[in-house]
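Asker: Taking the hints into account, I'd like the entire structure generated from these sequences.
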Amino acid sequence: MEKELRLMKGNEAVAEAAIRAGADGYFGYPITPQSEILEYLMQANPYTTTGMVVLQAESEVAAINMVYGGAACGKKVMTSSSSPGISLKQEGITYIAGAELPCLIVNVVRGGPGLGTIQPAQSDYFQAVKGGGHGDYHLIVLAPASVQEMADFVDLSFELAFKYRNPVMMLSDGAIGQMMEKVWLSPQKERSKTVPEWATTGKPTTRERNIITSLDLDPNAQESFNKKLIDKYNEIREKEVRFEEFQCEDAEYLFVAYGTSARVCQKAVQLCRAAGIKAGLIRPITLFPFPSKRINELADKMKLILSVEMSAGQMVEDVMLSVNGKVPVYHFGRMGGIVTAPDEVVEFLKSKIIGG
Amino acid sequence: MTEEIIIAGFGGQGVLSMGKIMAYSGVMQDMEVSWMPSYGPEMRGGTANVIVIISSDRISSPIVRNFDTAIILNQQSLDKFENSVKPGGILIYDGNGITRHPERKDITVYRVDAVEEAGRMNSPKTFNMIVLGGFLKIKPIIKLENVIKGLKKSLPERYHNLIPMNEKALERGLEIIRKV
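So the protein lines, in turn, are chains A and B. If you count the first sequence from 1, position 157 lands on 146 in my numbering, and the numbers rise without skipping. Position in the second sequence (first residue = 1) + 267 = my numbering.
Just so you know, not all the hints are guaranteed correct.
Claimed, not checked - SDA-like cross-link-like pairs, simulated, lysine to any residue; straight-line CA separation at most 20 Å:
| hint | chain 1 | residue 1 | chain 2 | residue 2 |
| --- | --- | --- | --- | --- |
| 1 | A | K339 | B | R332 |
| 2 | B | K353 | A | E336 |
| 3 | A | K171 | B | I326 |
| 4 | A | K171 | B | E270 |
| 5 | A | K171 | B | K419 |
| 6 | A | K152 | A | R226 |
| 7 | A | K152 | A | I200 |
| 8 | A | K171 | B | D324 |
| 9 | A | K171 | B | R325 |
| 10 | B | K372 | B | N350 |
| 11 | A | K(-8) | B | K420 |
| 12 | B | K392 | B | F277 |
| 13 | B | K353 | A | A264 |
| 14 | A | K(-8) | B | D297 |
| 15 | A | K290 | A | E224 |
| 16 | A | K282 | A | F232 |
| 17 | B | K353 | A | E333 |
| 18 | A | K152 | A | Q259 |
| 19 | B | K420 | A | Q32 |
| 20 | B | K406 | B | I365 |
| 21 | B | K353 | A | D332 |
| 22 | B | K419 | B | I405 |
| 23 | B | K419 | A | K290 |
| 24 | B | K420 | A | E(-7) |
| 25 | A | K171 | B | K347 |
| 26 | A | K(-8) | B | E299 |
| 27 | A | K171 | B | M268 |
| 28 | B | K347 | A | I327 |
| 29 | B | K416 | A | W173 |
| 30 | B | K419 | A | L(-6) |
| 31 | A | K171 | B | I330 |
| 32 | B | K353 | A | R262 |
| 33 | B | K353 | A | K(-8) |
| 34 | A | K290 | A | E238 |
| 35 | B | K347 | A | E333 |
| 36 | B | K353 | A | Q259 |
Said to hold, decoys possible - Which bits of chain A does chain B cover? Going by a derived footprint, with three or more residues having C-beta under 8 Å, they are:
| hint | stretch |
| --- | --- |
| 37 | 210 to 220 |
| 38 | 314 to 326 |
Treat the hints as calculated values from the structure; they're not laboratory data. Just so it is clear, CB atoms sit at the ideal spot from N, CA and C, and this is done for glycine as well.
Answerer: Structural data, given as structure tokens:
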């Protein structure tokens, strides 16, 4: 089957890709700038075609717990929201991580803290990558930088989620959610007719009962579970790092940026090159696991590294840990819903080159 | 070839849909396109704008601050974006309701009085297509036939009977745009 070309918003691409990936259920609650996901799914009404359930829950908390339930039954389930809504979902997310269940959570980030603004931002990096909910856990975090990746990463997220029995977050932002680009959509996948052997779908006589829980009152048992999680996260760190490099071969100055900021930095690289500054870009595609090893290698031939992010400086901490003091690392980025402009990035880099 | 365009005017004026038609037309011509709307508080009354980029190469940043072309449909937008046109770039505006006209000398300014013309043609809603026609006269980056195809793609089928009227408006735009 051939791929189909469409012009779509990032949010619509997520929704259509979820149907085509053979998802079993979507549970959401509207919030700008991602309401088109729920809107699109409601209109597409996939229950009549693939059998996918689409439900507007009474709240974000209800939606994430519906995801918890669906995931416990071995189903391919997802939710989406934007920053304040994702905060509300955190209890459910840590339970799902603690119960080792697969699911997809899409965060189309807007400016914060609090209700903040409805405009694009990347200020939920810490929340997505470092925890968000309580306890020692990690999400696998994918950062789409185009409408195409908003579609492609849905299927990839489900694949990773089931492979590692771990929740996956797509960390997008209002700009990618709202903009339209060309997107090649994959053919319709059939919904799975079977569920994994750990799913709690009723106990047959042929096996022991399955238990899904995130509770273990015995400290020794809990600690060995924590160790098991560490092993899983280390395996993910080893096998699932994804990134893209742009004009790094001869670069002396390196931008590190994901999502919308990576697009902005691609343009900044072009502007730098036109001005005779040898700049390059590494774009982390996975934020957890972070491409630390590669950034550390690249640091060897750089004079300076600039982390560009629409936040007060969150990812820059991981960049600094990766670089480990080899070269100076700076952060630059606009906040409050303002998208950093490519020429601002170039001006900032120039000021650091001259200043440094 | 990369053309970075901003279209700005009142909400409800058809700014976003003109951008959408441009983007679809670009797709019909096998180009790369991006369409980045303002969706914030600006949308709720007041001004609306959209950045459309059409390119023969992969598009880097969908958001830029300086534009090859600014298409301006009200005074607030003219005040906001006149200085965002790249030196040597072009600014196209509708003179309707404009009290302070463009002043820059390092860009080329064109005027297309589309609101007036659409009224004369008895089809006020095709005003944005007149503007688009004017733009295509100055920057013929998309073939007219691909614009019609784009129009078909972006309009729901129940409105396809309106396509001939829109086509007429496009052609009228080509005729009436003039250099200032």
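Asker: Taking the hints in turn, state whether each one holds.
Answerer: Here is what the structure says about each hint:
For a cut-off of 20 Å, the pair hint linking K339 (chain A) to R332 (chain B) stands: about 18 Å separates their Cα positions. For the hint pairing K353 (chain B) with E336 (chain A), the CA-to-CA distance comes to about 17 Å; that is within 20 Å, so the pair holds. Note on K171 (chain A) and I326 (chain B): the hinted pairing holds, with a Cα-Cα distance of about 11 Å set against a maximum of 20 Å. Straight-line distance between C-alpha atoms of K171 (chain A) and E270 (chain B) comes to about 16 Å, which keeps the hinted pair within the 20 Å bound.
With a C-alpha separation of about 17 Å, the suggested pairing of K171 (chain A) with K419 (chain B) holds against the 20 Å cut-off. Using a Cα cut-off of 20 Å, the hinted pair K152 (chain A) and R226 (chain A) holds, with the two alpha carbons roughly 14 Å apart. Between K152 (chain A) and I200 (chain A) the alpha-carbon distance is near 19 Å, which keeps this suggested pair within the 20 Å criterion. The straight-line distance between the Cα atoms of K171 (chain A) and D324 (chain B) is roughly 13 Å, inside the 20 Å bound, and the hint therefore holds.
Of the pairs offered as hints, the one joining K171 (chain A) and R325 (chain B) holds, with about 11 Å between alpha carbons and a cut-off of 20 Å not exceeded. At roughly 11 Å between alpha-carbon atoms, K372 (chain B) and N350 (chain B) fall within 20 Å of each other, so this suggested pair holds. As the CA atoms of K(-8) (chain A) and K420 (chain B) are separated by approximately 18 Å, the hinted pair is consistent with the 20 Å bound. Among the hinted pairs, K392 (chain B) with F277 (chain B) is consistent with the structure: their alpha-carbon atoms are about 14 Å apart, no more than 20 Å.
Under the criterion of a C-alpha separation no larger than 20 Å, the hint pairing K353 (chain B) with A264 (chain A) is consistent with the structure, at around 17 Å. With a CA separation close to 16 Å, the supplied pair K(-8) (chain A) and D297 (chain B) stays within the 20 Å bound. Taking the CA atoms of K290 (chain A) and E224 (chain A), the gap is about 29 Å. The hint is violated against a cut of 20 Å. As the CA atoms of K282 (chain A) and F232 (chain A) are separated by approximately 11 Å, the hinted pair is consistent with the 20 Å bound.
At roughly 15 Å between alpha-carbon atoms, K353 (chain B) and E333 (chain A) fall within 20 Å of each other, so this suggested pair holds. The suggested pairing of K152 (chain A) with Q259 (chain A) is violated, with an alpha-carbon distance near 38 Å, which exceeds 20 Å. Restraint check for K420 (chain B) and Q32 (chain A): the C-alpha separation of about 18 Å stays at or below 20 Å, so the hint holds. Under the criterion of a C-alpha separation no larger than 20 Å, the hint pairing K406 (chain B) with I365 (chain B) is inconsistent with the structure, at around 24 Å.
For the given pair, K353 (chain B) sits about 13 Å from D332 (chain A) by alpha-carbon distance, which is consistent with the 20 Å threshold. A C-alpha spacing of about 23 Å is found between K419 (chain B) and I405 (chain B), which places the hinted pair above 20 Å, so the restraint is violated. Of the supplied pair hints, the one linking K419 (chain B) and K290 (chain A) is violated, its CA atoms being roughly 52 Å apart against a limit of 20 Å. Our distance criterion of 20 Å between C-alpha atoms is met by K420 (chain B) and E(-7) (chain A), whose separation comes to about 14 Å.
For the suggested pair K171 (chain A) and K347 (chain B), the alpha carbons sit about 29 Å apart, so the restraint of at most 20 Å is broken. This hinted pair checks out: K(-8) (chain A) and E299 (chain B) have alpha carbons roughly 17 Å apart, not beyond 20 Å. The hinted pair formed by K171 (chain A) and M268 (chain B) meets the criterion: a straight-line CA distance of about 17 Å does not exceed 20 Å. Between K347 (chain B) and I327 (chain A), the direct Cα distance comes to roughly 16 Å. Compliance with the 20 Å bound is thereby established for this hinted pair.
This hinted pair checks out: K416 (chain B) and W173 (chain A) have alpha carbons roughly 19 Å apart, not beyond 20 Å. Note on K419 (chain B) and L(-6) (chain A): the hinted pairing holds, with a Cα-Cα distance of about 16 Å set against a maximum of 20 Å. Taking the CA atoms of K171 (chain A) and I330 (chain B), the gap is about 16 Å. The hint holds against a cut of 20 Å. Taken as a hint, the K353 (chain B) and R262 (chain A) pair is honoured in the structure, with Cα atoms around 19 Å apart against an allowance of 20 Å.
Simply put, K353 (chain B) and K(-8) (chain A) have alpha-carbon atoms about 38 Å apart, too far for the 20 Å limit, and the pair is violated. For the suggested pair K290 (chain A) and E238 (chain A), the alpha carbons sit about 10 Å apart, so the restraint of at most 20 Å is met. Between K347 (chain B) and E333 (chain A) the alpha-carbon distance is near 18 Å, which keeps this suggested pair within the 20 Å criterion. Between K353 (chain B) and Q259 (chain A), the direct Cα distance comes to roughly 17 Å. Compliance with the 20 Å bound is thereby established for this hinted pair.
With 0 residues having a beta carbon nearer than 8 Å to a beta carbon of chain B, the stretch 210 to 220 of chain A misses the requirement of three or more and the stated coverage is violated. Given as covered by chain B, the stretch 314 to 326 of chain A fails the check, having 1 residues with a CB less than 8 Å from a CB of that chain where 3 are the minimum.
Taken one by one, the earlier hints fail for this structure at numbers 15, 18, 20, 22, 23, 25, 33, 37, 38, listed in ascending order.
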